[in-house]
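Trainee: In case you want the letters, here they are:
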Amino acid sequence: MTVGVYVVTGSRRYRGHEPGTEFHAKLEPGPERRAVDRGDIRVIDRIVPTIQPGSYQLPTGWLTTQQGGQ
Amino acid sequence: MPTYTKKVSKHDRIEFDGTDVSNCFETFGFTSAKGKVPVGGFSVSGVQENLSGETEQSFVGTAFYTEEFAALVWPLHANDTNFQILYQPNGLVDATAKTYYAEGCQVLEFSPSNTFGQASKTPFSAVVVDNTGIQQATGT
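Line by line, the protein sequences give chains G and B.
Here my numbering is used: the first sequence runs in plain steps of one and ends on residue 70.
Here my numbering is used: the second sequence runs in plain steps of one and ends on residue 1140.
Hint data in this document are derived by calculation from the structure and do not stem from the laboratory.
All residues carry an ideal CB built from backbone N, CA and C; glycine is no exception.
One thing to keep in mind: the hints can contain errors.
Where chain G lies over chain B, by a calculated footprint (3+ residues, C-beta under 8 Å) [stated by the list, open to error]: (1) 1068-1075; (2) 1110-1122.
Simulated DEER-style distance windows between Cβ atoms [to be verified]: (3) G:LEU58 to B:ASN1131: 42 to 50 Å; (4) G:ILE47 to B:LYS1006: 40 to 48 Å; (5) G:VAL43 to B:ASN1114: 34 to 42 Å; (6) G:GLY20 to B:GLU1109: 47 to 55 Å.
Computed far set for chain B versus chain G, every beta-carbon distance over 10 Å [unchecked claim]: (7) MET1001; (8) LYS1007; (9) VAL1008; (10) ASP1012; (11) VAL1039; (12) GLU1049; (13) VAL1060; (14) GLN1084; (15) VAL1129.
The shape of chain B in the complex, shown without the other chains (with noise of 0.2 Å):
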């Protein structure tokens, strides 16, 4: 039976605005999620027929809270910049991993929240703005 390769998450390269932010994160990811627009007709089944609607997507990750990073993100906030993000999963320490990118993206939230005695953490969301979108591409 053949195998599928496992690996474990610790190479992940993430930029924002062309800058590197790797390593502020320990987890990051995206959402890609297509609304259903029900359209069903009367039928023997009674089965609800249903068509793909509009897509929503956004980046999401946990960052450790920082003043690189609060350089880098509030601008960006505070002035609703539109900007690239690029995330590449094990990009990090291998250039031909599959590469998602979105040149339109807003930080709509920035919520820094500190807990007594554990690491600086505040949770990171930025939505896709154009309706390019999020693009896959082939790491070189």
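Bound-form chain G, shown alone (with noise of 0.2 Å):
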């Protein structure tokens, strides 16, 4: 599944987003191009959701000693 990444590049708040900001979201077809032709949104990019290395953290204890933890 790929989402898009996109930038409020109007002067008003899009979808909650506030204007210079940038978010990810599944955007229909119809919807995201009439933001994008009303100059409201650009579109920066489309990926693929991962988590990224680093990006999380366990609860505290989850993991057991056998597997590295403390």
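Assembly of the complex is requested from the two constituent chains, each provided in isolation within its own frame, with the hints serving as guidance.
Mentor: See below:
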């Protein structure tokens, strides 16, 4: 599944995102095209969401000592 | 005696097709009205019986007419576009406020009309056109 990476280019919030901010979303083709045509958002990229190494933390005590935990 | 919270309407959040239009409106709301289907039969009391019928839903308001408003709403009207309307009373200052939204709305009437010396305003109405109707959600 791919999602779009967008930046809010207009002077108004788009789906709760402030102007100038970047957000990830899966927008339907129609609403996306209209928002781009109006100048409210710009498509920066299309990505497959993944969890990057180091971008998460397991709950305390989740790992056993055998698995390398404390 | 317990009291209820009172609020003065100042911070309602309105979105059309994802775009915030809150500041464009001075009044906004929606109606969800069920038809009344008479099903009365002869009885001792003679009182009419009714069942709730079909539901008609629409969003209505008064907008300040500007180029920005026309650029957003006219194409939706002209192209018979189905688009999402979101309405969150007090939502600009309280993200947890109840939200009402409908995924499929159409602007069937676009009727701007100005009066000399007065702020340019236009009535706005959009009907709900898909059978999902207006949904209520808790804000985040």
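Trainee: With reference to the structure, classify each hint as holding or not holding.
Mentor: Okay, the hints, checked on the actual structure:
1. 1068-1075: holds (count 3)
2. 1110-1122: This one is violated; 0 residues, fewer than the three required, reach chain G with a Cβ under 8 Å.
3. G:LEU58 to B:ASN1131: 42 to 50 Å: holds (44 Å)
4. G:ILE47 to B:LYS1006: 40 to 48 Å: The hint (40 to 48 Å, Cβ to Cβ) holds, given that G:ILE47 and B:LYS1006 are roughly 47 Å apart.
5. G:VAL43 to B:ASN1114: 34 to 42 Å: holds (37 Å)
6. G:GLY20 to B:GLU1109: 47 to 55 Å: Check failed, 35 Å falls outside 47 to 55 Å.
7. MET1001: Holds, since 38 Å exceeds 10 Å.
8. LYS1007: holds (21 Å)
9. VAL1008: holds (23 Å)
10. ASP1012: Consistent with the label, B:ASP1012 stays out of reach of chain G, its closest Cβ about 14 Å off (over 10 Å).
11. VAL1039: holds (41 Å)
12. GLU1049: holds (44 Å)
13. VAL1060: Non-interface label on B:VAL1060 holds, nearest chain G Cβ at 21 Å vs cutoff 10 Å.
14. GLN1084: violated (7 Å)
15. VAL1129: holds (14 Å)
When the structure is compared with the earlier hints, violations turn up for hints 2, 6 and 14 and for no others.
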